[in-house]
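Can you build the whole structure from these sequences, using the hints too?
Each step along the sequence shown adds one to the number in UniProt numbering, with nothing skipped, and position 20 is 20.
What the hints contain is simulated information worked out from the structure, not anything from laboratory work. One should not assume that every hint holds.
Label-pair ranges, simulated between beta-carbon atoms [what the hints assert, rightly or not]:
| # | residue 1 | residue 2 | range |
| --- | --- | --- | --- |
| 1 | D42 | I67 | 33 to 41 Å |
| 2 | M16 | I50 | 13 to 21 Å |
| 3 | R36 | I67 | 37 to 45 Å |
| 4 | L68 | A18 | 30 to 38 Å |
| 5 | N2 | R36 | 48 to 56 Å |
| 6 | G28 | L64 | 41 to 49 Å |
| 7 | V72 | L35 | 18 to 26 Å |
| 8 | G43 | M1 | 48 to 56 Å |
| 9 | I14 | F71 | 12 to 20 Å |
| 10 | K5 | L31 | 39 to 47 Å |
Think of the CB as a built atom: it goes at the ideal place given N, C-alpha and C, for glycine as much as any other residue.
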Amino acid sequence: MNAAKYIGAGLAAIGMGAAAIGVGTIFGNFLSGALRNPSAADGQFGRAFIGAALAEGLGIFAFLVAILLLFVK
Numbered sequence: 001m002n003a004a005k006y007i008g009a010g011l012a013a014i015g016m017g018a019a020a021i022g023v024g025t026i027f028g029n030f031l032s033g034a035l036r037n038p039s040a041a042d043g044q045f046g047r048a049f050i051g052a053a054l055a056e057g058l059g060i061f062a063f064l065v066a067i068l069l070l071f072v073k
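If you want it as structure tokens, here you go:
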């Protein structure tokens, strides 16, 4: 029973790594686009932060699920 909790928490923690990959992809693509068209970079900067915030929110949610799996009886 205890091992299943740890396996479940480990699987839920994969979402945190996926969020980090997502944020890196968002800002990498933003930087690539900003270097190609610097005049449009200001208009897209806010959207990049919104996308990063949504990706980080999913990572925090995955962390919360992992913690709940570990500490809830």
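Consistency of the hints with the structure:
1. D42 with I67: 33 to 41 Å: holds (39 Å)
2. M16 with I50: 13 to 21 Å: holds (20 Å)
3. R36 with I67: 37 to 45 Å: holds (41 Å)
4. L68 with A18: 30 to 38 Å: violated (18 Å)
5. N2 with R36: 48 to 56 Å: holds (52 Å)
6. G28 with L64: 41 to 49 Å: violated (27 Å)
7. V72 with L35: 18 to 26 Å: Violated, at about 47 Å.
8. G43 with M1: 48 to 56 Å: Taking Cβ atoms as reference, G43 and M1 lie about 53 Å apart, which means the hint holds.
9. I14 with F71: 12 to 20 Å: holds (19 Å)
10. K5 with L31: 39 to 47 Å: holds (40 Å)
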